[in-house]
Amino acid sequence: MENEPAHVLLIEDNPGDADLVRLRLVESKSDVLVNCVPRLSDALACLDIETPALVLLDLNLPDSHGAETFRRIMQKAPNVPVVILSGQDDELLANKAVHLGVQDYLIKSEITSKQLERALRYAIERQGLIRSLDITRKQQLEFKNRFLSHVSHELRTPLTCIHQYVTLLLDGLAGPIAPDQMDHLKIVLKSVNQLHAMIRDLLEATRADSGKLRIEPRCIDIGELMRQSVAMMRPSATEKHVSLEVVVDPAIPLVYADPDRALEVFINLVDNAIKFTPANGSISVKGSLVETDPTSVYISVMDNGRGIPRECHPQVFERLYQDPDAVDGNRTGLGLGLFIAKEIVTLHGGRMWLASEPGTGSTFSFTLPLYSLSKLLFPIITQHGHLRKDLALVRVELTPISKELRGGWKDTCQHCLEVLRRSIFVDKDLVLPPTGSNGPIQTFFVLASVDMEKVNILMDRIRSQVGKLPQLNSSGSMQVIAERIPPAPVADPRTLEQQVWGIADYVTEVIQQDLWNNPNFTDKENPTNAH
Amino acid sequence: MRTDSYSETQPTVRAKIMVVDDDPDLRQALSLRLRANNFETVNACDGYSAIALAQKEKPNLIILDLGLPAGDGFSVLKNLQQYPALSTIPVIVLTARDPEGNEKRTLQAGAVAFFQKPADNDELMGVIRASLQAGWGWGHGLPS
Chain B
1 MENEPAHVLL
11 IEDNPGDADL
21 VRLRLVESKS
31 DVLVNCVPRL
41 SDALACLDIE
51 TPALVLLDLN
61 LPDSHGAETF
71 RRIMQKAPNV
81 PVVILSGQDD
91 ELLANKAVHL
101 GVQDYLIKSE
111 ITSKQLERAL
121 RYAIERQGLI
131 RSLDITRKQQ
141 LEFKNRFLSH
151 VSHELRTPLT
161 CIHQYVTLLL
171 DGLAGPIAPD
181 QMDHLKIVLK
191 SVNQLHAMIR
201 DLLEATRADS
211 GKLRIEPRCI
221 DIGELMRQSV
231 AMMRPSATEK
241 HVSLEVVVDP
251 AIPLVYADPD
261 RALEVFINLV
271 DNAIKFTPAN
281 GSISVKGSLV
291 ETDPTSVYIS
301 VMDNGRGIPR
311 ECHPQVFERL
321 YQDPDAVDGN
331 RTGLGLGLFI
341 AKEIVTLHGG
351 RMWLASEPGT
361 GSTFSFTLPL
371 YSLSKLLFPI
381 ITQHGHLRKD
391 LALVRVELTP
401 ISKELRGGWK
411 DTCQHCLEVL
421 RRSIFVDKDL
431 VLPPTGSNGP
441 IQTFFVLASV
451 DMEKVNILMD
461 RIRSQVGKLP
471 QLNSSGSMQV
481 IAERIPPAPV
491 ADPRTLEQQV
501 WGIADYVTEV
511 IQQDLWNNPN
521 FTDKENPTNA
531 H
Chain E
1 MRTDSYSETQ
11 PTVRAKIMVV
21 DDDPDLRQAL
31 SLRLRANNFE
41 TVNACDGYSA
51 IALAQKEKPN
61 LIILDLGLPA
71 GDGFSVLKNL
81 QQYPALSTIP
91 VIVLTARDPE
101 GNEKRTLQAG
111 AVAFFQKPAD
121 NDELMGVIRA
131 SLQAGWGWGH
141 GLPS
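Quick mapping for you: the protein sequence lines, in order, are chains B and E.
Per the numbering used here, the first sequence runs over residues 1 to 531.
Per the numbering used here, the second sequence runs over residues 1 to 144.
Check each hint, because a few of them may be wrong.
[To be verified] Chain B is faced by these chain E residues, among others (derived, beta-carbon under 8 Å):
1) L107
2) P118
3) A134
[Stated by the list, open to error] The calculated DSS-like cross-link candidates involving lysine-lysine, where the alpha carbons are at most 30 Å apart (straight line), are:
4) K468/B / K16/E
5) K410/B / K78/E
6) K104/E / K58/E
7) K144/B / K58/E
8) K16/E / K410/B
Everything labelled a hint here was simulated from the structure, so no lab data went into it.
This structure is a prediction, so every number in the text was calculated from the model and none was measured.
We put the CB at the ideal spot given by N, CA and C, even for glycine.
Here chain E stands alone, though its shape is the one from the complex (with noise of 0.2 Å):
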């Protein structure tokens, strides 16, 4: 499931983010963008892999899809709650689906932010390199 290396020359901790979308070609394209932008990422492609993986990997950052394979992104949410350990992990919604009835619902399960899909690339690499530097990853604020 894990798609690229860490490379240990790295001088700097870099920060690992979670894709969890069950489109391939998504969760390549977003893959492509967050490594060229000095993040490592992981892939999961459905509900039950994210959480399997999420403990295996405790990324610093999730981005979810909400329509998923095998427990959706609310499951997810909500499973990630019941782990202290991944329950701080700050979680970006990026879905198809409507705001309306659909955001609220998810920052209330504990996500950051939420996006639709398509969403502004700029506007997303701000909220996830806000969302780390607010503290919330993985034991240490880290660099972006």
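So that you can see chain B by itself, here it is in the shape it has in the complex (with noise of 0.2 Å):
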């Protein structure tokens, strides 16, 4: 302000108010330049030109009117202070308005020419501290998450180094050991697990800070999901003689979710669990269906452990939350993982939240949001107000030719689910989403208006179009099979809307079966789907 003369956007309707200002700011000597506009309109047509030093603002202009008026002056340009201008008999809605964000307000009929001098030169002087602030805030928080993501990976050179010699030397590459030095060797090696999954916690919870964490949600079977980490946790509960069951409502339709990043939440919640559930306890996890919230799967984990008091219940899902009391050398981890679940089902749409009483026992519950099939069918499957009579489902399966060559075959999947959209007829077959748990296998599947005739048809076009890509050649095969959806009773008494949901309730357990059929993992003590 002291060498140039600073840019002040007037925005005022009343010309004698207009001038009161500009006389006041006379007096006063300021060195500003007044640029005076009477509508919001102008304002903001004036802020894409220039950036003032200063806006100046009356509430109540010919078209705008109270908090509107500075909320899109702010929104516009959210570096430039704003001071408002207001008549006694808003003075509270200006009170208000400081509380939002703007740096001051003036009743206009009180208005001295020192007073307005001064508003004006700590209003811009406050507004450059608070955005030198916000700017190094940024800075800051953009350093320490660099600085994490680069720790994270330079720590993982030596542990890689660490973990290949001690896997050397277990596997008896390096010669025979003592039944004495291989106990020892797993315990190095247990530590180095350990230390690897808290790098790699650090990194998630440093990503998820940047908000780079990422989902890629399909339609999923839930339950196939949990009982999957069920079986991968089993070991652990059964050497710590904790007892592990998984119940599962079988009316529970797709799900719509990331399966790795779900079967991450439920291994991080068992694993707590296991954690801190003695010997002989029981650890239960549940998926089921709540019927005020039709929207949802509630899922969730409930142990018999020594519980969580309640002053701690808010601070558990916080990042670098440890039990305080973990004893019996309970290696706690970093504090990460529960912050890091509840990200993740926070990034699907869902909630986490914990109940827990000392003594009793703790149980960690999330949502994940259901699929409804129903609302994707409807325009497929009706015509003229009635549901189709002839309508088919259509199943493509891709296989890759080895299950330990993955690379690539997401994308080529990913491909042939393009190629495959583009093979059918847009208004009367429907490509559902992309369905599977995180196996190689990759289904997917048609929803076709027509009848078992016609089918073929559509078989050979997604035969020749996607089987035929190049990509999918090299790295696996495809199969082409179609049933009939049971049509339904000629005369039959349900709404249109009921007899839609009777449709994606079928194909929904179709695909559930399927899902079912294709087990990446089966649990010993669970060996069939335990309803």
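Make one complex out of these two single chains by using the hints.
What follows is the structure, encoded as structure tokens:
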């Protein structure tokens, strides 16, 4: 303000008030250039062209009133300080505006030249301070995340080296080792694995912090995923003599979630439960539907361990939370697991919460969104207010040559899906969202509104367009089959919506059966689908 | 650069694997494990010698680090593609770097698989065998 005149944008529709402000500024000998506009639209246009040092704003303009006025200005020019010119009658609103980020307000009838000059100067300085604080904060966050990411990567190299040599020794590749030595090496390996998990958590938490945690949701059978995670955790539960059961309501339809991420959440919660449950305790993983919330699946992991004191509940999901009473050599880890789990659930649009009483155990619960197949099916399977008569479900299965060769397989499947989407009639057929757990076999379903004769034509088209992709031929094979969807009885008393739900249920069941028949994991204690 | 010798008395032709990593300890550990699994190994410590050695040794498979001196893993992948004789060698990327952002890029550049360090040994050996059996190796599919 000392060298160059400061540009002030005065937004005031009353010429008398505008002149008054100019007069006061002249009196105060402020070195300012005032540009006065009468309407909000003019002001917004001015802000497009030039960023003033300050905006002086009357709240009630011909084209905008009250809070809306300063909201629009601040949205347009978030870094420009705003001082409100208010009448005595809207002082309350002006006060609220200061709360929401406006720098100051002056009551028109009370403005003195000194007060005006000082208000403008301070507003500009304060805004500058806020801005530099904001920039510093962002830089620090960015630096912290870069630092953590860098450190975690650098830690990996020596860790890999330790891992390699310990496993060399353990596998007897460097000569025979004595049983005692074997035990010692196993402890080294266990610690290496713990360290590895910590580094992974650190990176995940950093990603969550910087908004880089990504999910790829698809239609999944949540029960299958729950059984998978329980199968993976069974050995450590058995080792601790803790029983582990899984109960899934068979009525749960498809869930829309990232299978890898959802598995991560399950494993995290079950692992925690095992850690804090004493020998002979029990853990139960449950999946159920709740009548009051028809759009979510409710999942809980319940243990009868020592529980979490009520005063700790708010912090449990925070970063770096560790059980203050952890004893008996429980290595608690970094305290990032629950934070990451909650972030993953939140990214899916779900919630995660805790219910726990000391001495009786803890229950961690979360929700994931259900997939609404009927909404998707409605426009395809109905015509002129009736359910289409002939409906078929085509199943396209892609199998990689070798289940180890995962490189590029995901991309190949994605490419196949795109070609599949182009080889159908958009108004009569529908490629359902990709389904699957985290196995290598990828299945796509196409709902076609054709009879079984015409479905052959569609299948041939799929075989020729998708099946001949060079990418697919070099890395896998394709199988296409179709089945007729049983038609509704001629005199169906149900409404059209109910009929569509019926078809959606049928399709859901077929998909779930399909997911069960392609198990990637079998749990020794729950070899079939425990319902 | 070649650290171990190929034994002429071996009854079957062994697959030759080139390990490219700038960390000598890790190179040694990997080579030890590969040789214990009946593979022949050759080692390179940077991007430049990786290409030179690949031309000379014609390995059946390459295990490639990404962070390398004298041409990083991506430039190695790119260079391999430029020689018809080398472009068919399956490359498995084994790196400390994040899969996010790197996995897709390496696969698009021609790698057959991406592993983040520390990798599970059994999984890595499985992918090595599968890649060799897929017949993408040098001239012939090899016994493992």
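Per the CB criterion, is L107/E less than 8 Å away from chain B? Status holds, d = 5 Å.
Interface hint status, A134/E versus chain B (Cβ within 8 Å): OK, holds: A134/E within 8 Å of chain B, min 6 Å.
Checking one constraint from the list: CA of K16/E to CA of K410/B, max 30 Å. Satisfied? Since the Cα atoms of K16/E and K410/B sit roughly 28 Å apart, the hinted pair holds (cutoff 30 Å).
Pairwise hint evaluation, K58/E against K104/E, where the allowed Cα distance is 30 Å at most: 26 Å, holds
Can you confirm whether the C-alpha distance between K468/B and K16/E stays at or below 30 Å? Status violated; Cα separation ~33 Å.
Straight-line Cα separation of K144/B and K58/E no greater than 30 Å? 45 Å, violated
For the pair supplied as a hint, K410/B and K78/E, confirm whether the alpha-carbon distance does not exceed 30 Å. Distance of about 22 Å is within 30 Å: holds.
For the hint on P118/E, does the least C-beta distance to chain B fall short of 8 Å? 4 Å, holds
Checked against the numbered hints given earlier, this structure breaks hints 4 and 7; the rest are met.
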